[in-house]
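Student: Those protein sequence lines, which keep their order, are chains A and B.
Numbered per numbering that gives the first Met the number 0, the first sequence spans residues 0 to 133.
Numbered per numbering that gives the first Met the number 0, the second sequence spans residues 0 to 313.
Source of the hints: derived by calculation from the structure; they are not laboratory data.
All values reported here derive from a predicted model rather than from experimental measurement.
Don't be surprised by glycine CBs; every beta carbon is placed ideally from N, CA and C.
Check before you lean on any hint, since a few could be wrong.
Just so you have them, the derived chain A footprint on chain B, three or more residues with Cβ under 8 Å [to be verified]: (1) 14–22; (2) 25–38; (3) 101–112; (4) 233–239; (5) 279–293.
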Amino acid sequence: MTGNLLIDTVISIAAIAVMVAIARLLFPPPAAKVTEAAAMERLALDEPDFAAQAWLIDREGRAALAQGAAGDFALIKKLGLDLVTRRFRAGAVSVAADESALILGLGDTTLPRVVISTDDAAHWALKLKFEGDT
Amino acid sequence: MEFPDVIAWAVPAFALFVLAEIVVARISGRGRYDAKDSAASLLMGLGSELAPLLGGGAIVLAAFAAIYEFRLIDIPNAWWAVLLCFVLDDFRYYWWHRVSHERRWFWASHVIHHSSQHYNLTTALRQTWTGQILGQLLFKTPLILIGFHPAMVLFVGAINLIYQFWIHTELIKRMGPFEWIFNTPSHHRVHHATNPKYLDANYAGTLIIWDRMFGTFVPEDETEKPRYGIIKNLGTFNPLIISFHEWIGIAKDVMKAKSLREVGGYLFGPPGWSPDGSLMTSAMIKERWRRVREEGDAQAHTKPAGRPVAQPAE
Chain A
0 MTGNLLIDTV ISIAAIAVMV AIARLLFPPP AAKVTEAAAM ERLALDEPDF AAQAWLIDRE
60 GRAALAQGAA GDFALIKKLG LDLVTRRFRA GAVSVAADES ALILGLGDTT LPRVVISTDD
120 AAHWALKLKF EGDT
Chain B
0 MEFPDVIAWA VPAFALFVLA EIVVARISGR GRYDAKDSAA SLLMGLGSEL APLLGGGAIV
60 LAAFAAIYEF RLIDIPNAWW AVLLCFVLDD FRYYWWHRVS HERRWFWASH VIHHSSQHYN
120 LTTALRQTWT GQILGQLLFK TPLILIGFHP AMVLFVGAIN LIYQFWIHTE LIKRMGPFEW
180 IFNTPSHHRV HHATNPKYLD ANYAGTLIIW DRMFGTFVPE DETEKPRYGI IKNLGTFNPL
240 IISFHEWIGI AKDVMKAKSL REVGGYLFGP PGWSPDGSLM TSAMIKERWR RVREEGDAQA
300 HTKPAGRPVA QPAE
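Chain A on its own, in the form it takes in the complex (with noise of 0.2 Å):
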């Protein structure tokens, strides 16, 4: 390094940018989605004792929720190449649905909003919202 930080700070940026560049062309970003099959193998790993009853999956395969059989829910969100999973309670999270999706608010700093594709939005938010509280 030249010891001048201005110009390292801008080497290591251009540096960064061409490992980032050559990572994303030779590991390309699959086309993978969300299925069942995948969001009930992570749910396995991450919350074992989760019994999964209904699904809801995203109709572009970004995300699924599945409602449990203790009136939990788990929510199995893409990232990146990987999957991220949350587990709450009905009531626990804010739910707004439209004609065409599902609109969760999780009050979580890293994933604060999950919109979730569907013709059953109404549904699963009367779901989330009430569940819980029988």
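Assemble chain B onto chain A, guided by the hints.
Tutor: Below, chain B alone, put in the same frame as chain A:
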């Protein structure tokens, strides 16, 4: 004796090794890269080099210089002293690292290094932007009080960090007798894994002997591939959120605390601590894993005898 800035020398080599690993991982199929994840890791690494320039680095240096005035003995800047300092600093590293996993205040800085679901050389560079001051002062002060010069202490710490770069890879499997004494890719894969059987293990920097001595050593099980990341994996590649998410989490929790005990628990309890036990610490996750496994074993033993899964060869 001069103590050069070895990190500055190593950075270009880090970049070359990352490029080499990407190519070899692609050819061999023995590693995974996600460009967005790598970009986040590398930007975290750059930020960790710049962050101390905001004042933290100067505070630490000034404090070390002041503390050195109260040293117990004068240790010369000789090769044997550097070697001794390295071993003692590695012991210091073990305890700092262990506390960084067991106490949330320290975890808030260290979690950054574990927040990738990938394990490659860019993960090694995913370093914290915070935690420089307290972590350094608390854990390095004893070495300086003994009488090691602050420059020597910082030098051996840098050597230790450089050593740990190459062990962040899936390309190297096992290393035979070398693994008895030294930290290796296999040992450190276990450390980065979230599989319950691997949690809270292998805190070593360079020498794995500390884990063997203090009961935290877990060997890599070839039948259980490590799953990397953290218990609640991050939902973003944004470096700013990666850097501060746990501090934000602590602030939110402390704001809702109902007693001083709860404040203490949120600040210095184990990560995942909650007053009612509704969240999960690593100890609780391990317990759940044992329970689920035992229930599975019990069910397997109570099943009526059926056709064997595999017939013996005739």
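Student: Would you mind marking each hint as holding or not holding in the structure?
Tutor: Hint check results:
Only when three residues or more bring their CB closer than 8 Å to a CB of chain A does the claim for the stretch 14–22 of chain B stand; here the count is 5, and the claim holds. With 9 residues bearing a CB less than 8 Å from a CB of chain A, the stretch 25–38 of chain B meets the requirement of three and the coverage assertion stands. With 0 residues bearing a CB less than 8 Å from a CB of chain A, the stretch 101–112 of chain B misses the requirement of three and the coverage assertion fails. Judged by the Cβ-Cβ criterion of 8 Å, the stretch 233–239 of chain B is covered by chain A as claimed, because 4 of its residues qualify and three suffice.
Only residues whose beta carbon comes within less than 8 Å of a beta carbon in chain A count, and the stretch 279–293 of chain B has 3; three or more means the coverage holds.
Violated hint: 3 only; the structure is consistent with all others.
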